[in-house]
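> This is what each chain is made of:
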Amino acid sequence: GAVVSQHPSWVICKSGTSVKIECRSLDFQATTMFWYRQFPKQSLMLMATSNEGSKATYEQGVEKDKFLINHASLTLSTLTVTSAHPEDSSFYICSAIDGDEQYFGPGTRLTVT
Amino acid sequence: QKEVEQNSGPLSVPEGAIASLNCTYSDRGSQSFFWYRQYSGKSPELIMFIYSNGDKEDGRFTAQLNKASQYVSLLIRDSQPSDSATYLCAVSFSGGYQKVTFGTGTKLQVIP
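Protein chains in written order, with our numbering: chain A, 1 to 113; chain B, 1001 to 1112.
Note that these hints are calculated values from the structure, not bench results. All of these numbers come straight from a predicted model, not from anything done at the bench. Do not take every clue at face value.
Taking lysine-lysine pairs in the BS3-like style, the calculated list, with each CA pair at most 30 Å apart, reads [said to hold, decoys possible]:
no.	chain 1	residue 1	chain 2	residue 2
1	B	Lys1056	A	Lys64
2	B	Lys1002	B	Lys1042
3	B	Lys1067	B	Lys1056
4	B	Lys1002	A	Lys66
5	A	Lys55	B	Lys1099
6	A	Lys41	B	Lys1056
7	A	Lys66	B	Lys1042
8	B	Lys1042	B	Lys1056
9	A	Lys20	B	Lys1056
10	A	Lys64	B	Lys1002
11	A	Lys66	A	Lys14
12	A	Lys55	B	Lys1042
13	B	Lys1056	A	Lys55
14	B	Lys1067	A	Lys20
Extracted from the complex, chain A is given alone in its bound form (with noise of 0.2 Å):
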């Protein structure tokens, strides 16, 4: 099937600090990628959906300004995530769609000190 990266795996920083989550399809394109996020014993929350050369998608009560989302080519999203605090602490995973099937990132686990 199909492979989607991410990186860094994990990442751990500072309160007030920013931090750059990179999501790859390694072998396919995609137009269309998906960020999540779980918090421990929770369900995935989509964030946004992310489109190749346009703005993305926020879903509702996610501020698009503390997470920025860039998508600048058919390989490649990136989610940056601003002023981090410690309860953006979170497991972080992308996904893309190739063909029928959402292949899922491995995810970044963020912890914010």
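Let chain A serve as the given structure and place chain B on it in line with the hints.
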């Protein structure tokens, strides 16, 4: 608000038995239904999707959809210890993978 409900478990079954996982959803207009498996600390992987009422089989897995009852289930035959994971039910109102709402998952434990 669109909701997807699952029993959190854990559901324990002996090796070789059938595991039955259930999911209900609130939005009657939902179009697409998915089952994912998620191992601890890992991202989900798609097991199967179903769009139409009835059963859909893929190997040891069978998804069952009843739109009238707003109910979708996953049966795992000949359960193996490697099937031990959290199973996420996901539902899309718009069809495909757009605007997918996930349940909180059911933890399955297959006892050797």
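> Any of the earlier hints contradicted here, and which numbers?
Structure breaks hints 1, 9, 13, 14.
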